[in-house]
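S.K.: In case you want the letters, here they are:
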Amino acid sequence: MLIVGELINTSRKSIREAVENRDAAYIRDIAGKQVQAGAGYIDVNCGTLLDSEAEVMGWLVETVQEAVQAPLCIDSPDPKTLDTGLSLARFGQPVINSISGEKERYEAVLPLALKYKAKVIALCMDDGGMPVTAGDRMRVVRKLVPDLVCAGVPMGDIYLDPLIIPVGTSDQAGSEVLETIRRIKAEFPEVHIICGLSNVSYGLPNRKLLNQAFMIQTMTAGMDAYILDPLDHTMMGFYYASQALLGKDEFCMNYLSAYRNGL
Amino acid sequence: MILDDIKSATIAGQKAQVENGVKRALEEGLSPGDILDNGLIAAMLVVGEKFRNNEIFVPEMLIAARAMQAGVRIIEPLILAGERKYVAKAVIGTVKGDLHDIGKNLVIMMLRGAGWEVVDLGVDVAPEKFVAAVQEHRPQIVGVSALLTTTMPAMKATVEAFVRAGLRENVKIIVGGAPVSREFATEIGADAYAGDAGSAVEIAGGLVA
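Sequences listed follow chains A and B, in order. Mapping of the first sequence onto the numbering used here: position 76 corresponds to residue 79, and the numbering continues sequentially without gaps. Mapping of the second sequence onto the numbering used here: position 101 corresponds to residue 228, and the numbering continues sequentially without gaps.
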């Protein structure tokens, strides 16, 4: 099970300001809090900074690593920015966020995954567009996973992201993802499955309820990694509770430590 | 009154009732333009307002739009036979590299509901394609959507393509999408930022007024 802390992203106002002011203390603080709250990986995304993305990525990676010794999830569509971030990541095995079945992206990102022996988040989409059904996603998965493995990425380093569509605009969107997870687990049991938890609730009120319910449902179906806000206590509470209830927390030790850490 | 029935049925997303109401109104001798303006469009303006105020949510807006479209389908042939004018014209698309269409489609639906003629360029639209569409359709407004931090640079490229083509002064460019902000719109030289589909209609209306 893996939690990627999502907070260091320049599309968030406070991070954008911290980057503009080169406020390293703020970045270090957010990184530290996320690790303390249970994040195993720290996502770093500065995609909103049009012209200086690679440079800012470098600064963020260095700054985060002054505070925590956690491995990083380098999050960018730009191969150059990914390269910069990966080259500076010092702790553990980094994650690339993301590769996909889109030809251009696949060809640009794959060499980086091999060069840095990184884990990869692989989006279940190709040049055919956004997937709608479980079948659409599995068509991509059945090509993408063998391609990555043949190229030298170990099966266990692949994190498939089924891509979450809001249930408010497509009422079968949640169930299609749950079905996708079950099929991936059946066909590629060693591959991991990851997603972000905010898309699903777009356009509906009480978004947190939907996000939380979706985490529990996807985890029950076999998802084993999440990109989320680890400072969200309720979400983290459900995370530990679900792990324990699904028999994935030996002697409920993680649940108990979370309790003792104040959750 | 029949127009009020059409309006409230549209707001409630009751497709069959809207269809019946429109047919009945035509039988009673109301003009297609009257039904459109004071029944269907009036309803969608209320829907946009309620949406902006968080009184209703995306699925409710979708179902209302579906009901409106069912009504429009009945009167469209009659309207097209007449001389009815659109409010104005807009060309809308999601930028290159971005396949998200939900926000864009909501904006299109709301604009059409408000009486606009809209050319939908779809998703993954290259800057040159936006420019070509403006040359072809001559709209007053260009709507540009991006839902990823990673495709926001393509918005800037789109605005720049209009400058290069010498067409920047001919259109007003509105940008929108989850990661986009008013500051970003200003930074890349767009004319306006719209935070949701309801305000997009209001802002577009303001820009052509």
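Don't read these hints as lab results, they were simulated from the structure. Fair warning: this is a prediction, and the values are worked out from it, not measured in the lab. Where a beta carbon is used, it is the ideal one built from N, C-alpha and C, also for glycine. Possibly wrong hints are sitting among the right ones.
What the simulated footprint calls covered on chain B by chain A, stretch by stretch (three residues with Cβ under 8 angstroms from a Cβ of chain A suffice, anywhere in the stretch; the number is not a length) [unchecked claim]:
#1 132 to 138
#2 195 to 206
#3 278 to 289
Here are the simulated DMTMM-like pairs of lysine to aspartate or glutamate, each with C-alpha atoms no more than 25 angstroms apart in a straight line [said to hold, decoys possible]:
#4 A/Lys16 / B/Glu314
#5 B/Lys223 / A/Glu190
#6 B/Lys223 / A/Glu107
#7 B/Lys223 / A/Glu110
#8 B/Lys256 / A/Asp26
#9 A/Lys16 / B/Glu187
#10 A/Lys211 / B/Asp247
S.K.: Enumerate the violated hints, using their earlier numbering and listing them in ascending order.
M.R.: 1, 2, 5, 8, 9, 10
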